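**Q** Dock chain W against the given chain H, drawing on the hints supplied.
Protein sequences, first through last, are from chains H and W. Just so you know, we're using the working numbering here: the first sequence kicks off at 1030 and counts up by one. Just so you know, we're using the working numbering here: the second sequence kicks off at 4 and counts up by one.
No lab work stands behind these hints, which were simulated from the structure alone. A quick note: this is a predicted structure, and the numbers were derived from the prediction, not measured. Among the clues, some could well be false.
Simulated pairs of lysine-lysine, BS3-like, Cα-Cα distance not exceeding 30 Å [claimed, not checked]:
1) H:Lys1500 to H:Lys1445
2) W:Lys347 to H:Lys1500
3) H:Lys1471 to W:Lys217
4) W:Lys119 to H:Lys1445
5) H:Lys1427 to H:Lys1445
6) W:Lys95 to H:Lys1392
7) H:Lys1471 to W:Lys351
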Amino acid sequence: MPAVQETVERVRRIDVDQYRYGFETLIESDKAPKGLSEDTVRFISAKKSEPAWMLEWRLEAYRRWLTMTEPTWARVNYPKIDYQDIHYYAAPKPKKTLSSIDEIDPEILKTYEKLGIPLREVAILEGVEPPPGGEPSANRKIAVDAVFDSVSVATTFQKELKTAGVIFMPISEAIREHPELVKQYLGSVVPTSDNYFATLNSAVFSDGSFVYVPPGVRCPMELSTYFRINERNTGQFERTLIIADKGSYVSYLEGCTAPQRDENQLHAAVVELVALDDAEIKYSTVQNWYPGNSEGVGGIYNFVTKRGDCRGDHSKISWTQVETGSAITWKYPSCILRGDNSRGEFYSIAISNGHQQVDSGTKMIHLGKNTSSRIISKGIAAGVSQNTYRGLVTAHRKATGARNYTACDSLLIGDKCGAHTVPYVEAKNSSATFEHEATTSKISEDVLFYCVQRGLSQEEAVGLVVNGFVKDVLQQLPMEFAVEAQKLISISLEGSVG
Amino acid sequence: MNVVLAKNETGRALSESFAVVRDRLPGGGKIAEARNTAFEVYDRVGLPHRRLEDWKYTDLRALMREVLPLAAEPDAAALKQAAAAVKLQAIKGARRLVLVDGVFAPKLSELEGLEKGVTVRTLRAVLETGDAALQTQLFTPDNANPMVALNSAMMTDGVVIEIANGVVLKQPLQIIHVAGGATPAAIFTRSLLRLGEDAGATLVESYIAADGVKAYQTHDSLIVAIGDNSRLDHVRLIEDGRDAFNISSAAVTLGAHAHFNTFGMTSGAAVSRYQATIAFAGEGSRVETNGVNLLNGRQHADTTLFMDHAVPHCASREVFRAVVDDRGHSVFQGRIVVRPDAQKTDAKMMTRALLLSDDAEADNKPELEIFADDVTCGHGATTGALDESLLFYLRARGLSEKEAQALLIQAFVGEAIESIVNDDLRELAIAAAQRWLEARG
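One chain only, chain H, in its complex shape (with noise of 0.2 Å):
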């Protein structure tokens, strides 16, 4: 396995408690005065040039937001937060109206280049084109939108995929030119009313990304955004909408970073898929936000709402991701499993270091008949961190022929961690097949001590062993993730081995 040592190479050259994304850029920015209330709601809406319908919208969820309070059941602990002393909108100040990528602020280009993301478009060259009928994956594209603290900053290869008849912009901008798409499906996954953190993106949702696959158009591309917290002081409050109509399949992936502060800042997140009769959505993440350093100080509360809901029949909505960053992360892709025949999926690998809290995992609700799911979630606590899965599979009481396998397994590297399950199993349904089954171990003397007497060293043993732990999921992801992944496995375990 030759990934194997390179991760291990990479753990050598990296000191201990090393995030590789911690720089800051230096631009200016447009920022919304600290604190919540009606008027920032308006600030927000107004620098988005929305309607009034959007408005009524957002102030409606804040207006309910006001009357909730913060869920307190997950396993983390965090001090208050002071919902006051946050910006809720940072922009990269234009210097004008931008035309083209190249008049993006070459900072942020920087920044991107930084974080390995390619903002512009290559060109393809005459005659490089893959013959008809040979490996289009030799010659993959990823369309990505990178967004910035809390605005969209740029979105490739717009031409190529209006020809195949993708909608992929911002969601601010799609709110201006489809708002009979955004109208129709925004808030219909995720209720404005659904949970504390979800009314409150609802209310303060600055951009992200808004794609709609018409039917039966398989998208050309992989889609990606990307996110980058800068500014200090801020909250980052995306909102995501994927709507495949039917027929139609789309891959879409999402990776993020910020910079390393002392402070703790919080991204709240909400991500809805549609998938309708037919149409399938792939959702991959790399979740790499600032976990703080050694001593836990400073890092982001990651506080995310996804959920997919398979409207139609035969759709299928599959979750990937792996959880490395973040101080705290809150977090339940889930799927409603509407449609008859339609399929969920969630494959997670969560690795939590230091002073890391992850309280992750996944809702399966089967309300149509003949819904099948699959659940892996592989949880890795090293340092001092505790790493939660939570779980709900559900079947309704009409949802015939309901299927779900779980299997998730905890590794505990280190005798100061915690891993932990919690799955729910309700059963409304009597042909209702479930499966759950979940194990936490360390890894074995023996299997250590057979890799060590043949003579790799104590941490590429432990690399190959989580290597091979991690493999189901890590097959899930799309190839360049899938390698990004594997890197970021070995960086976030380095210093816990020995």
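**A** Same frame as chain H, now just chain W:
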């Protein structure tokens, strides 16, 4: 829980009921004080509801429609009724302790030839005249659980059994809880079993109703302390009346190299909840807990287990089976906690539910909470219907649909029942399961 919900009618009625009976409850001074504190703790939450995580699936505010007055001392008629019911439950050779409507009934009890080193007293006697240490132990269960707190406040009677070091009981001890009163009432009991070092015993708890006794509420709790190198086998059978409530708790602690084997089966009661906390206090101990729910009609049965691995080198096994028919609702909540430093813990939990009808419901919540790394822990949960191909196989060999189902159900619950070591007790459990299957028709 950050929202304190307003109390419903039932909760209020209970508060008033405590005020009325407070002075009649056994034990003065410190005991009365402890009762008051417990009731205050209970009163702050009231009847547990679904917004409390622990009671998510058993919402007593919805299920307990009316609160019943505290049971009166059983009269002659009740005792006579109870005697008949007890006869059917008697185990050959077992020492019998009978509680009728929450009051110890010496005439129905059978303690002949009790081994030396075994003392049996009533809770009432211990609360009124017992030593302070024992009284303190009786108040050890955690009042954080509202129904435990209510029990602490209201307990009227029960049995307190002490088994000295080195004494191994040859015959089982059987505690029979009988509801015998003609008027519907609430029964509050608490019992304690203290097993010394190198000792051994078998304890059977049966919950039944006399003929014709229908709506009543049983609130029981059991405190067990198992000494070093001791072994306790425990069987509890809930065959309460079909309109009854049974809310029971158990708090078990194990010393070093101790062994606790427990089996529980619920086939009676309209609503039942068994909440057990098993804590390891000494190294090298082992616990096997097995449970079966057999439900039909509109029965609701909840088993909530908390396995506390506080010390290293202990092992626990949990096997739970639920068979749910009609509109029955089975709940299993199992929580295994491995505390920091409880290395070399070996904990397994397996829960399976069999749904026999489209309106049946089974909820499983097997939880693992692990703070030590050198452990092997696992849990599994399955839910499903009877295997069509197995049914077909049996049908093809001439069994009727019902017979085929019965055979498969027996096999399904068999795995849990087989854990009972004592042959007579195993037969007793099998007979209870048989009764349920026959009643199913």
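**Q** Would the hint linking Lys1471 of chain H and Lys217 of chain W be met if the CA-CA limit is 30 Å?
**A** violated (52 Å)
**Q** With a cut-off of 30 Å on the C-alpha distance, tell me whether Lys1500 of chain H and Lys1445 of chain H pass.
**A** holds (25 Å)
**Q** Given the hint that Lys119 of chain W pairs with Lys1445 of chain H, test it: the Cα-Cα distance must not exceed 30 Å.
**A** violated (48 Å)
**Q** Would the pair Lys95 of chain W and Lys1392 of chain H pass a check requiring their Cα atoms to be no farther apart than 30 Å?
**A** violated (51 Å)
**Q** Next pair to validate is Lys1471 of chain H with Lys351 of chain W; report whether the Cα-Cα distance is within 30 Å.
**A** Holds. Lys1471 of chain H to Lys351 of chain W sits at ~15 Å (cutoff 30 Å).
**Q** Check whether the Cα positions of Lys1427 of chain H and Lys1445 of chain H lie no farther apart than 30 Å.
**A** violated (45 Å)
**Q** Given the hinted pair Lys347 of chain W and Lys1500 of chain H, is their alpha-carbon gap at most 30 Å?
**A** With Cα atoms ~27 Å apart, Lys347 of chain W and Lys1500 of chain H stay inside 30 Å; holds.
Violated hints, listed in ascending order, are 3, 4, 5, 6; each of the other numbered hints is respected by the structure.
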